[in-house]
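Using the sequences and the hints, build the whole thing.
If you're matching them up, the sequences are chains A and B in order. First residue of the first sequence? That's 4 in this note's numbering, and the numbers climb one at a time after it. First residue of the second sequence? That's 33 in this note's numbering, and the numbers climb one at a time after it.
Bear in mind the hints are in silico, worked out from the structure with no lab data behind them. Treat the hints loosely; a few may be bogus.
Facing chain B, according to a computed beta carbon distance under 7 Å, are these residues of chain A, among others [claimed, not checked]: (1) TRP99; (2) TYR175; (3) ALA224; (4) ASN338; (5) VAL340.
Using C-beta positions, here's what the derived DEER-type ranges look like [claimed, not checked]: (6) B:PRO141 with A:LYS49: 14 to 24 Å; (7) B:PRO163 with A:LEU145: 20 to 30 Å; (8) B:ILE297 with A:LEU220: 36 to 46 Å; (9) A:LEU39 with B:VAL107: 36 to 46 Å; (10) B:VAL165 with A:TYR153: 32 to 42 Å; (11) A:PRO250 with B:ALA319: 22 to 32 Å; (12) A:ILE202 with B:PHE88: 54 to 64 Å; (13) A:SER240 with B:ALA319: 49 to 59 Å; (14) B:ARG86 with A:PRO250: 51 to 61 Å; (15) A:THR184 with B:GLY296: 14 to 24 Å; (16) A:ASN155 with B:PHE181: 31 to 41 Å.
Values in this document were obtained by computation on a predicted structure and should not be read as measured data. Note that CB positions come from ideal geometry on N, CA and C, so glycine has one too.
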Amino acid sequence: MITHTVIPSGRTWHFRRRVDVPIWIRIMIRLLAVILALVLVGIVLKLGGFAPLTLGRKALQQTLGTAYGLQQAVILATPLILTGLAVAVGMRMRLWNIGADGQLYLGAFAATAVALHVKGPAPVMLSLMFIAGAIGGMLWILIPALLRAYWNLNEIITTLLLNFVAVRLITYYAIGPWRDTTAAILSSTRRLPYELPMIGNSYLHIGIFIPIIVAVLLTLAIQNTRWGYEVRVIGGSRSVAEFAGIPVLRQILVVMLLSGALAGLSGIIEVAGTTHRLSGTLSNSYGYMGIVVAALANGSPFGVLVAGFLLAVLLNAGIVLQTSGLSVNAMVAINGVILIFAAVGEIAAQYHLVRKASDSPGEAGNQGQEHVEDEQV
Amino acid sequence: MNVISGVICAAIASGTVIILAAIGELLAERSGVMNLGLEGVMALGALAAIATERVFPNPFVGLLAAITVGLLLGVVYATATVSFRASQVLCGLGLSFFGAGLSGRLGAPLSGWTAPVPFQSIRIPLLADLPLVGNALFNQPFLVYFAYFILPPVVTFMLYRTRHGMHLRAVGEDPAAADACGIPVNRLRFLYTCIGCALAATGGAYITLAFTPSWIEGITGGRGWIAIALVIFGAWRPLPLVLGALLFGSVISLGFVAQIQGWGIPSSFLAMLPYLSTILLMAIPIALRSKAVRNLSASPSALGVPYLREGE
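Set out below in structure tokens:
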């Protein structure tokens, strides 16, 4: 995009591509994307007769201003961070896992299957449930992963279609063979006999630490192991990786299965820690919001922690504002706007305004040192 | 006999929605832009179509409203993707969330409302009397005729027999070479992305004004995604795409039949069929190809890659 504004002195302003995009600009742009999206929403709300500033203040008060609100945000952040990590790890290799939602359901499904049909001491059972959850998520992404690795079939559509299948599968079991015949709840299973222990008197369960641990592990793995190096090279250029002898096919499978396992983990934590019952409405679009989280974090696990918490606060605000007339659908729409703004912002960050003499518009930019872009943590 | 005729009729009707959206997506993808926001565009088009019937009880006005909404969304998406060159996957997903959320929110007051004036079927005199297929193929609203008999041949002709179509294909395969020949790459991409969205919105309008003439949240049921999958099935050609849409429509109507006839399959599993069969449909063309050419994708080579003139 080159725009010209002619100033009488003979110098013109150009948009010139940066040679290297500093991290702080990347972060700023994403923050700006979220803020702009909210401003846009505010304008729309104003036109619709709501009072956005009052709503905003009320939302902030109830979400970040109270202990309950903060705890709710942390509880919501747990699945968001894990699904965000799931999508982010795939993003590093330019693989898009849009099926995180379905894998979440299958993880919860596998864990519920274990919990309802196997008996044992709680710690053992919970560990089994975790393993089952990860395996459930992995199994659900297996076919799209194979199709992508061997036949190069678009994984966006295959993973996404399986989301629809997953909801229907879980709904069948929740209102059918596993339904709760005692309580008045018609559409979910009975309460799981094993739960993640709570932390003291709060609403939090110990599962909230897992996303943090996983994020740290992933960061270490991506930066310091051979596997992480290979992932980064494949993400940079597949042909370079192939020339270097990196087993691309295997890594595609490994990364996609890892992605599925992470999403499955978020499922079992949700069902064993927060809801304690399996139903077809377990996920509040956590899988889809994970995409927004990963996009805001630009694929960095640490960024996912921050972005996940940010989006959890937003989601919580949306829930709080439901009493004021805002619906859940509005949150989905807002997420979409944030995503578009973040995507555009990513490109905008690559340009900066430069004032040059008007006789050199076509120069290939050489601003200072040539600098290979560093993959940030 | 009646059952079979009914199945064919439902299959053709279901297929219409998909064909409209899928051909729109085919045109956009041929120019190199992947529009993942079809689902959202379809939902908003569907809502716009039925909502205008509250004011103007005429389905054609509803159709016009849907096309306008589609064009508007297309402009937004194309600006982000073609003009600003943002990531097509992220913008497409964002558009789809936006459309789904907004249509759910704005359509809440209309939930369950039936369209007072849906599209009427137009009966073609001699052909409609053919046994079995007559009623299904030739006694349908005009959008069905448009989707099956007008759109695919016109698009095929345009793509493969006209200079303009050749330019379009060139833009999708190698935009740098096309640019060097003087073809306005970004302008073509912008145009066809908007056309694609308009067609997807038309598909949505067909749902709420003809197929199930009412509105509830989620009435599009993932058909936008299935349309994108069908473009892959059809290897980016209109005619196999129509075949795929018919196959898909048959799966849906078989699902209806299974429920009505009481074959004992739980409804949840029947509801899974369309999505599972779509994945199968996507995999078939690749499975059938010989091992040597298997990894060569039939997609336009520059699909999904924003075009940046060298030196910009």
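Hint check:
{"no.": "1", "hint": "TRP99", "verdict": "holds (6 Å)"}
{"no.": "2", "hint": "TYR175", "verdict": "holds (4 Å)"}
{"no.": "3", "hint": "ALA224", "verdict": "violated (25 Å)"}
{"no.": "4", "hint": "ASN338", "verdict": "holds (5 Å)"}
{"no.": "5", "hint": "VAL340", "verdict": "holds (6 Å)"}
{"no.": "6", "hint": "B:PRO141 with A:LYS49: 14 to 24 Å", "verdict": "holds (20 Å)"}
{"no.": "7", "hint": "B:PRO163 with A:LEU145: 20 to 30 Å", "verdict": "violated (46 Å)"}
{"no.": "8", "hint": "B:ILE297 with A:LEU220: 36 to 46 Å", "verdict": "holds (43 Å)"}
{"no.": "9", "hint": "A:LEU39 with B:VAL107: 36 to 46 Å", "verdict": "violated (19 Å)"}
{"no.": "10", "hint": "B:VAL165 with A:TYR153: 32 to 42 Å", "verdict": "holds (39 Å)"}
{"no.": "11", "hint": "A:PRO250 with B:ALA319: 22 to 32 Å", "verdict": "holds (24 Å)"}
{"no.": "12", "hint": "A:ILE202 with B:PHE88: 54 to 64 Å", "verdict": "holds (59 Å)"}
{"no.": "13", "hint": "A:SER240 with B:ALA319: 49 to 59 Å", "verdict": "violated (29 Å)"}
{"no.": "14", "hint": "B:ARG86 with A:PRO250: 51 to 61 Å", "verdict": "holds (59 Å)"}
{"no.": "15", "hint": "A:THR184 with B:GLY296: 14 to 24 Å", "verdict": "holds (22 Å)"}
{"no.": "16", "hint": "A:ASN155 with B:PHE181: 31 to 41 Å", "verdict": "holds (34 Å)"}
Of the numbered hints given earlier, the model fails hints 3, 7, 9 and 13; all others are met.
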